[in-house]
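Novice: Chains as they are written, first to last, in the numbering used here: chain S, 77 to 190; chain Y, 1130 to 1241.
Hints should not be assumed to be uniformly reliable.
[As the list claims (entries may be wrong)] Below, in silico cross-link-like pairs of lysine-lysine (DSS-like), each with a Cα-Cα straight-line distance of 27 Å or less: (1) Y/Lys1171 to S/Lys133; (2) Y/Lys1171 to S/Lys85; (3) S/Lys90 to Y/Lys1171; (4) Y/Lys1151 to Y/Lys1187; (5) S/Lys147 to Y/Lys1171; (6) Y/Lys1187 to Y/Lys1197.
Just so you know, these hints were derived from the structure itself, not from any lab.
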Amino acid sequence: NAGVTQTPKFRVLKTGQSMTLLCAQDMNHEYMYWYRQDPGMGLRLIHYSVGEGTTAKGEVPDGYNVSRLKKQNFLLGLESAAPSQTSVYFCASSYSTANGQPQHFGDGTRLSIL
Amino acid sequence: GENVEQHPSTLSVQEGDSAVIKCTYSDSASNYFPWYKQELGKRPQLIIDIRSNVGEKKDQRIAVTLNKTAKHFSLHITETQPEDSAVYFCAANKQGAQKLVFGQGTRLTINP
């Protein structure tokens, strides 16, 4: 099993460009999450999904959109990239968290906005 | 909503000594508390977790303790080794919630 796979691993964008980050999991997890991690900072939740076709806002959703058309995939979109969105983006997935389940993380996408 | 505070932000210990990292949470309904280790440039990885019906859990050199009354939980690493150097994050969930709230992280450095 690959676990949680994120593509691409690195990307450099110019201000105003758009792009989509892809997260794929093969663990049949219901829940999926997108976080951003800035240097020396913790993990901040951008958006999450509790099942196919559902999405919800997290702590820092502005400037991002997400889609969960298939259970195994969770896409994060930047419509008009800004330098403030330079960060490392982590995707995670888990079984139902009703009674607490660990989240499994991908290797991250390092995104630089010039 | 839930708020998780983690201390200290940095910790330096001599190899072989013990390290303790503490987190406090605000929501008394929280019932799941995982700890993640993140090595430089890598993903966060779960190292141990504890549920609210348990006071302590051990796994070889690491242990986690939970004090529900005081709303805090701690990570204990004994006989530290250089490979323990990393950033450690605590987190808290609550029953029925769909998210984990993470602490700000502790950078642990093991000095040889």
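Novice: Could you run down the list of hints and mark each one as holding or not?
Specialist: Okay, the hints, checked on the actual structure:
1. Y/Lys1171 to S/Lys133: The given pair, whose Cα atoms are some 25 Å apart, holds under the 27 Å limit.
2. Y/Lys1171 to S/Lys85: holds, 12 Å
3. S/Lys90 to Y/Lys1171: holds, 25 Å
4. Y/Lys1151 to Y/Lys1187: Judged against 27 Å, a Cα distance of about 16 Å means the pair holds.
5. S/Lys147 to Y/Lys1171: With a Cα-Cα distance of about 25 Å, the restraint between S/Lys147 and Y/Lys1171 holds, given a limit of 27 Å.
6. Y/Lys1187 to Y/Lys1197: The given pair, whose Cα atoms are some 18 Å apart, holds under the 27 Å limit.
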